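Here the protein sequences come in this chain order: G and U. All residue numbers for the first sequence refer to the working numbering, where the first residue is 129 and numbers rise by one. All residue numbers for the second sequence refer to the working numbering, where the first residue is 645 and numbers rise by one.
Since the hints were derived computationally from the structure, they do not count as laboratory data. Small disclaimer: the values here were computed from a predicted structure and weren't measured. Don't be surprised by glycine CBs; every beta carbon is placed ideally from N, CA and C. Careful, some of the hints might be misleading.
Straight-line distance between alpha carbons at most 16 Å, and here's what the computed EDC-like set of lysine to aspartate or glutamate pairs gives [stated by the list, open to error]:
1. U/K647 x G/E193
2. G/K144 x U/E857
3. G/K144 x U/E708
4. U/K881 x U/E834
5. U/K648 x G/D213
6. U/K648 x G/E193
7. U/K647 x G/E194
8. U/K804 x U/E857
9. U/K648 x G/D185
10. G/K168 x G/D185
11. G/K144 x G/E165
To list a few chain G residues with every Cβ distance to chain U over 10 Å, as calculated [claimed, not checked]:
12. S139
13. Y157
14. L166
15. V173
16. D185
17. P209
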Amino acid sequence: MSEQMTDMPISPELLKILRCPVAVQSDEYGDDPGRLELVKGYWLVCADSGLKYPIRDGIPVMLIEEGEKWKDTPVDELPVPPPSD
Amino acid sequence: MTKKLVRDQFGANAAAYATSSVHAKGTSLSRLVALTQPQAGWRVLDVATGAGHTALAFAPRVAEVVATDITPQMLRETAVLAHSRHITNLKTELADAENLPFASETFDLVTCRIAPHHFPGVPCFVAEAARVLRPGGLLAVADNVAPAGAAGAYVNAFEKLRDPGHGRCLTVPEWTAAYEAAGLTVTHTETLWKTMDFDPWARRLTDDAALVEQVRAMLLAASGEARAFLQPENGEKLTFRLQEGVFIGRKEG
C-alpha cells in the first residue's frame, strides 16, 4: 500500500463503484450517471445531481437526505472536516 | 420517521447486536455461505449489515466486501470486529437499502440477513439489489418470515410491540414474488425454525420491564395458527420460535 493510498479517506476501489443514489436512477446523464468526485478530501460531489455527501470518520454518508442538505452549499464553502451528524 | 426510529434504536443497542448469538452464529449465516458458494474473485455487497456478521463471514472467502447500514454506530461495531479478525478487504458506508449508491452491475453477490423486516419497502430493496448485480450475480436473503393472514398479522404485531422499528415480516410467497418482479430467477428457497429465549430477546432492545411483560403476555395469549407458529413453551425459561426464510435468486443475462 503506497503512502498516497493510506492518506486517502476513501479507497480508490470504493470510489470507482460508488454513485449518487439519486442520479444513478436517472437516464438524463448518459451511460454512467451519478459519478462522484472526491473534493477537499472529505466530500463526494455529484456533478449530475449537485448532491454532496460527507465522509465522516472514514465512512461515506451516502444517504439522500444528507446529500440534499449540502446541495446549495458551494463546493468551496463545504466545511472541512464535515460537522458531525 | 420509521427509518429514524430504526437508526436511533440500533444506534443505542449496537453492542448488543455485536454479541447476539442469533445474529453472530445463526444457522442461516452458514446456509447463505453454503448456498452461494462464494468465489475468490467476487465483489460482495452486504446490505443492512448491522454489526457486520454476514459481511465478516464472506470477507475471507472473496476479493472484497462492501457493508452498508443506516446506523453509524453499527458500522463502527463492524469495523471493530473486522479489525479484531484481521480482515482488511471490508469497506463500510452509510446507505439506504432502497436507494443503493452504486453503479449498476457492480456486484457478484448481494446479501442481506435478518434485516428486511425493518425496511419500509422490501420490493424496492430487491429491485435495487437486482440493479447493482452483474448478470449472473446472486441475491441471497435470510429474514424472518410470517404465516399468511390473521396469524401473520398477530406474529408481526407481537414483534412490533417489542420493537417499534419492526416493519413487517413477509410471507414466503411474497418474497418469491418480489424476486420475480425484479427480474430475478429464484433458484432456492428454504425455511428454518429458530428457538428463541424470550428474556434476552425481549430485553435486547429495552429495559422497560412493563413493556417486556406486555410482550410476554402477548406471546402467551397467542391462539390458533399464531400459537402453532410461535409455539410458546413456558418451562424453566420461556421460549418460542420464529421462522427464517432463505431466498437465493439469480440475475439472468
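Handout entry: Which numbered hints fail
Key = 2, 4, 9, 12, 16
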